[in-house]
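So the sequence lines, in the order shown, correspond to chains A and B.
The first sequence begins at 73 in the numbering used here and counts up by one.
The second sequence begins at 217 in the numbering used here and counts up by one.
It is possible that part of the hints are untrue.
[What the hints assert, rightly or not] Capping the alpha-carbon separation at 20 angstroms, the derived lysine to aspartate or glutamate pairs in EDC-like fashion look like this:
id: 1; chain 1: A; residue 1: K74; chain 2: A; residue 2: D122
id: 2; chain 1: A; residue 1: K109; chain 2: B; residue 2: E274
id: 3; chain 1: A; residue 1: K109; chain 2: B; residue 2: D348
id: 4; chain 1: A; residue 1: K119; chain 2: B; residue 2: D348
id: 5; chain 1: A; residue 1: K119; chain 2: B; residue 2: E350
id: 6; chain 1: A; residue 1: K74; chain 2: B; residue 2: E350
[As the list claims (entries may be wrong)] Quick partial rundown of chain B residues pointing at chain A, CB under 8 angstroms, derived from the structure:
id: 7; residue: R280
id: 8; residue: G281
id: 9; residue: E282
id: 10; residue: S283
id: 11; residue: S284
id: 12; residue: D349
id: 13; residue: E350
id: 14; residue: Y351
id: 15; residue: L352
id: 16; residue: H354
id: 17; residue: N410
Note that these hints are calculated values from the structure, not bench results.
Every residue gets a Cβ at the ideal spot worked out from N, C-alpha and C, and that includes glycine.
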Amino acid sequence: MKNRLRVLRAEREWSQQDLAQRLDVSRQSVNAIETGKYDPSLPLAFKIADVFGLTIEEIFLREED
Amino acid sequence: MSESWIARRGPGFWIGAILALMATIAGLAASDAINGPTAIILMASTGGLLYPLMRSGERCEERRGESSPAVRRYNRGMLAASVAYILGMGIAVWLTEAIGLEGEILWVIAFLPILPIFAMIWVMARYIAQEDDEYLRHLAMMANMGGLALVLGVASLWGFFEEFELVPHAPGWMSVPVWALGMGLTRWWIARGNRAEAEA
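Working from the sequences, and respecting the hints, build out all of it.
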């Protein structure tokens, strides 16, 4: 699943560690999600959406999008 | 030896040091330079290097952003179980070979290294239950699957080879080191993939 995590993070000038602290996860988790190596669970996807103040659909994209 | 010198050494250094010491002690014992009980005591004392190995591993995990409270509890649990395993095995071998105990008591002696192995399995299960970070939990599950695959593959392969008398008998307790090797190789493989992705 594609996502806009890296762009959204860059817009806010957050490092992976900054985002990891906001989400209360490891930096490696943020890296794995950003690079598409790991798709987060629904609760974590909602948490990510809340941190950025966006909806899940505005962050995570279907492969064909 | 200063704390900073110790702190700068990576896990590879400590693994190499432990293996080199074990090989030296085994060589000394094989050449009769030291007797059996001395060799067992010296082998058991290499367990003291497991603590700096664990700490260097934790520093790597922190650098890579793979640390969590559950990971640190897991590391300490595995360290305690590993030391108990080395001591249990050393005492069991010493009691049977040096003292020459026989009979019913052997059932009790055999449990000295078995119980720490059960403790390792429990520490792993507790880690998976307590890890709040779902990606780290996913990594642990993948590593366990890798360990299981290696144990099943090697045991089946060796079992059939042994059935046809192509290879010597392998003791059942080897399954735990093979499981640990499979977990380690899987973690290395995943980390290698992540590094390649980061460099791309």
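Cross-check of the supplied hints:
Taking the CA atoms of K74/A and D122/A, the gap is about 18 angstroms. The hint holds against a cut of 20 angstroms. Restraint check for K109/A and E274/B: not satisfied, since their Cα atoms lie roughly 23 angstroms apart, outside the 20 angstroms limit. Pair hint K109/A plus D348/B holds up; C-alpha atoms about 19 angstroms apart against a cutoff of 20 angstroms. A hinted pair counts as satisfied when its Cα atoms are at most 20 angstroms apart, and K119/A with D348/B qualifies at roughly 14 angstroms.
At most 20 angstroms may separate the alpha-carbon atoms for a hinted pair to count; K119/A and E350/B meet this at roughly 13 angstroms. Between K74/A and E350/B the alpha-carbon distance is near 19 angstroms, which keeps this suggested pair within the 20 angstroms criterion. For R280/B, the interface hint holds, the least distance from its beta-carbon to any beta-carbon of chain A being 6 angstroms, beneath 8 angstroms. Annotation: G281/B was flagged as interfacial toward chain A, and the flag holds, the nearest CB pair being 3 angstroms apart, inside 8 angstroms.
Contact between E282/B and chain A, as hinted, is supported at the beta carbon level, the nearest pair being about 5 angstroms apart and thus within 8 angstroms. Restraint check, S283/B versus chain A: the minimum CB separation of about 7 angstroms is within 8 angstroms; hint holds. The beta carbon of S284/B is positioned within 8 angstroms of a beta carbon in chain A (closest approach about 6 angstroms), and the interface hint is therefore held. This hint holds: D349/B has a C-beta 5 angstroms from the nearest C-beta of chain A, less than the 8 angstroms allowed.
Satisfaction of the interface hint for E350/B is found here, the shortest Cβ-Cβ separation to chain A being roughly 6 angstroms, below the 8 angstroms cut-off. A distance limit of 8 angstroms between C-beta atoms decides the matter here; for Y351/B the minimum to chain A is near 4 angstroms, and the interface restraint holds. With a least beta-carbon distance of about 6 angstroms to chain A, the hint placing L352/B at the interface is held under the 8 angstroms criterion. Contact between H354/B and chain A, as hinted, is supported at the beta carbon level, the nearest pair being about 6 angstroms apart and thus within 8 angstroms.
Because the beta carbon of N410/B sits about 7 angstroms from the nearest beta carbon in chain A, less than 8 angstroms, this interface hint is met.
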